[in-house]
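Undergrad: So you can see what is in the structure, the chains are spelled out below.
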Amino acid sequence: MDETRNVSLTVNGKRYEATAPVRETLADFIRHRLGLTGTHLGCEHGVCGACTILLDGRSARSCLMLAVQADGHEILTVEGIAPSADKLHPLQEAFRDNHGLQCGFCTPGILTTLIELLRDNPDPTEQDIRIGISGNLCRCTGYQNIVIAALDAAKRLREAQKESA
Amino acid sequence: MKPPPFSYHDPRTAADVVGLLGSLDNAKLLAGGQSLMPMLNMRFVLPDHVIDLNRVDGLSYIRENNSALEIGAIEIGAMTRQRDIEFSDLVRERCPLMHEAINQVGHRQTRNRGTLGGSLCHLDPSAELVTVAAVLDAKVSVAGKDGTRSIDFAEFPAGYMTPAIELNELVTGASFPCWPAGHGYAFVEFARRHGDFAIVSVAVLIEEDSNGKVTRASITLGGMGPAPVRASEVERALIGEVPEEKRLREICEVLRKLDAIEDIHAPTSYRQQLATVLPRRALLKAHERMMKSRH
Numbered sequence: 000m001d002e003t004r005n006v007s008l009t010v011n012g013k014r015y016e017a018t019a020p021v022r023e024t025l026a027d028f029i030r031h032r033l034g035l036t037g038t039h040l041g042c043e044h045g046v047c048g049a050c051t052i053l054l055d056g057r058s059a060r061s062c063l064m065l066a067v068q069a070d071g072h073e074i075l076t077v078e079g080i081a082p083s084a085d086k087l088h089p090l091q092e093a094f095r096d097n098h099g100l101q102c103g104f105c106t107p108g109i110l111t112t113l114i115e116l117l118r119d120n121p122d123p124t125e126q127d128i129r130i131g132i133s134g135n136l137c138r139c140t141g142y143q144n145i146v147i148a149a150l151d152a153a154k155r156l157r158e159a160q161k162e163s164a
Numbered sequence: 000m001k002p003p004p005f006s007y008h009d010p011r012t013a014a015d016v017v018g019l020l021g022s023l024d025n026a027k028l029l030a031g032g033q034s035l036m037p038m039l040n041m042r043f044v045l046p047d048h049v050i051d052l053n054r055v056d057g058l059s060y061i062r063e064n065n066s067a068l069e070i071g072a073i074e075i076g077a078m079t080r081q082r083d084i085e086f087s088d089l090v091r092e093r094c095p096l097m098h099e100a101i102n103q104v105g106h107r108q109t110r111n112r113g114t115l116g117g118s119l120c121h122l123d124p125s126a127e128l129v130t131v132a133a134v135l136d137a138k139v140s141v142a143g144k145d146g147t148r149s150i151d152f153a154e155f156p157a158g159y160m161t162p163a164i165e166l167n168e169l170v171t172g173a174s175f176p177c178w179p180a181g182h183g184y185a186f187v188e189f190a191r192r193h194g195d196f197a198i199v200s201v202a203v204l205i206e207e208d209s210n211g212k213v214t215r216a217s218i219t220l221g222g223m224g225p226a227p228v229r230a231s232e233v234e235r236a237l238i239g240e241v242p243e244e245k246r247l248r249e250i251c252e253v254l255r256k257l258d259a260i261e262d263i264h265a266p267t268s269y270r271q272q273l274a275t276v277l278p279r280r281a282l283l284k285a286h287e288r289m290m291k292s293r294h
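For the record, the sequence lines run as chains A and B.
Read left to right, the first sequence gives residues 0 to 164 (numbering that gives the first Met the number 0).
Read left to right, the second sequence gives residues 0 to 294 (numbering that gives the first Met the number 0).
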C-alpha cells in the first residue's frame, strides 16, 4: 500500500485539499488530482521545462517536486495567468500575435517561466530572454518567435504599467 | 514514470535528521531534488525512506564570518538555494568567482530549488559548485550523532559521486575562505548548451604584485575525473610570472598529462585538450580583471 498524506495548498488563488501518495510528483498531483491539465509533462526528469510552475512566485519544475512538498504553499499554473476567463494576459496576447507557439506543448512552461522573468526584469535584452528560456525545450518554433513574443510582451507590460501609473 | 514507493519523513531539526539517518535503513536525503528527483522518477535509486530536508530549520543562510580566518570567510547553509547564492550581494562582493560559477549552474527553474548542500553531496564531477568548493579550499560542516565536525574539501570526495561522510551524518553547510579585495578570478567551462553540466570546467584565483607578477594562484579543473583536480604544478609554475598568452600556453601544456575520463560526451584526449586551453583562458581573464581593478 502506498503511504499517503493530505496536501492542502493554494493553486491560482484557490484553496485545494487532496490526499496524495507521498511518492506522487507535484506535476501528477496538479494534473490528476486537481484536474488542471494545462501543466504539461514532457520528459518527467527535469530537462524539458514543460511542467514549469511558480511555487511561491519562483519558477520550478513540478516533475522534480513531490506533491507533499507543496503542502501549505502557493502555486501558479498556466491556468492562473489570464486575468479572467474571457481575457488573455498581455504575455499570452503577445504569443498569439507573434506566432510564439505552434503545437503549444511547451507553451505553459514557457509562459510561467516568462511571468517570473518579466516580473523580475521588466526590460530584458534578447540575450536575457534566451538565457531565461534556456531550460525550456521547444521542438517546433526554433525559438525565434518565442523570443520576439517575449520581447513584445515586455513592451506591452511596460506600457500597461505606465498607463496605470 | 513515477518514483518507486517509499516512506516519507519531513523532520524540522538537523538533530531529528541525524536521528532518522541513524534509525532508518536505505534512506535518502532530499534537498533541492534537482538530481534525486530525476533519479527517483527514472528509478535509478530505490530508497525505502526519503528524508525531506526542506522543512528543516536553520540550514538556509549566507553570512560572513570575519573571525574565521585573517581574511574572513563566507558561510553558506546546506539548504541555501542556488538562486539565493546567485543574488547575494555578499557573495558577489566577497566571492565573485562563486557568483560567476553559479550563473552557469542549470537554469533559473533549477537554481530556484537546487541547493548548495545537495550539489556538494551529489558530487557530480562536472558540477560547478564542487569545483568552486575545491578551488577555494572550502570546509564542509557535518553533523552526526556525536556532534559536528569539519572536513577539508580536498578530503570530501571519497570516490565517484560519493562524499566522505558516514551514512548517519548530515552536511549542514560549508565555509568558503575569501580572497583579498581586487584578486583575479574566473570560472570558465565548456558545455554544449548553456545550463548543461560542463564537459570540462576550470576555476582560477590569482593575486599579483605591483609588477603584475603572480604571487599566489589556485586552479582547479572539474569534469576530468571522479573528483575536482587541483593543478598544483601550474599553480607553482605561475609564481613570479606575468600572465600573458604565450607563456601561459607553455605553462598549461603540462595539464595535457592529467588523467581524464571518457564518456558519451567526450573522449579522454578531448578533455585533456580542454584542460590545456580553459585554464589559459581563465588565467588571462583573471589577470585582466586584476589589472582593471587597479585602475
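Watch out, some of these pointers could steer you wrong.
[Claimed, not checked] One-sided and incomplete, this derived list gives chain A residues near chain B with beta-carbon spacing under 8 Å:
{"no.": "1", "residue": "59"}
{"no.": "2", "residue": "67"}
{"no.": "3", "residue": "68"}
{"no.": "4", "residue": "96"}
[To be verified] Pair by pair, the computed Cβ-Cβ distance ranges are:
{"no.": "5", "chain 1": "A", "residue 1": "98", "chain 2": "B", "residue 2": "179", "range": "40 to 46 Å"}
{"no.": "6", "chain 1": "B", "residue 1": "1", "chain 2": "A", "residue 2": "138", "range": "23 to 29 Å"}
{"no.": "7", "chain 1": "B", "residue 1": "12", "chain 2": "A", "residue 2": "7", "range": "31 to 37 Å"}
{"no.": "8", "chain 1": "A", "residue 1": "14", "chain 2": "B", "residue 2": "21", "range": "57 to 63 Å"}
{"no.": "9", "chain 1": "A", "residue 1": "2", "chain 2": "B", "residue 2": "18", "range": "17 to 23 Å"}
{"no.": "10", "chain 1": "A", "residue 1": "71", "chain 2": "B", "residue 2": "65", "range": "50 to 56 Å"}
{"no.": "11", "chain 1": "A", "residue 1": "138", "chain 2": "B", "residue 2": "4", "range": "30 to 36 Å"}
{"no.": "12", "chain 1": "B", "residue 1": "3", "chain 2": "A", "residue 2": "9", "range": "28 to 34 Å"}
It should be emphasised that the hints constitute simulated quantities derived from the structure, not laboratory data.
We put the CB at the ideal spot given by N, CA and C, even for glycine.
Undergrad: Against this structure, judge whether each hint is valid.
TA: Evaluation of the provided hints:
Among the interface hints, the one on residue 59/A holds; its C-beta lies about 5 Å from the nearest C-beta in chain B, closer than the 8 Å criterion. Against a cut-off of 8 Å between C-beta atoms, the interface hint on residue 67/A holds, since the closest Cβ of chain B lies about 6 Å away. Hint status for residue 68/A: holds, given a least beta-carbon distance of 6 Å to chain B, under 8 Å. For the restraint placing residue 96/A at the interface with chain B, the shortest Cβ-Cβ distance is roughly 25 Å, beyond the 8 Å limit, so the hint is violated.
Take residue 98/A and residue 179/B: their Cβ atoms lie about 53 Å apart, and the range 40 to 46 Å is violated. Taken as a hint, the range 23 to 29 Å holds for the pair residue 1/B and residue 138/A, whose Cβ atoms sit roughly 24 Å apart. Checked against the hint of 31 to 37 Å, the C-beta distance between residue 12/B and residue 7/A comes to roughly 23 Å, which is inconsistent with it. Checked against the given bound of 57 to 63 Å, the beta carbons of residue 14/A and residue 21/B, roughly 38 Å apart, lie outside it.
A beta carbon spacing of about 20 Å between residue 2/A and residue 18/B agrees with the range 17 to 23 Å that was offered as a hint. At about 37 Å, the beta-carbon gap between residue 71/A and residue 65/B misses the expected band of 50 to 56 Å. Between residue 138/A and residue 4/B the CB atoms are about 33 Å apart, so this pair conforms to the stated range of 30 to 36 Å. Checked against the hint of 28 to 34 Å, the pair residue 3/B and residue 9/A passes, with Cβ atoms roughly 29 Å apart.
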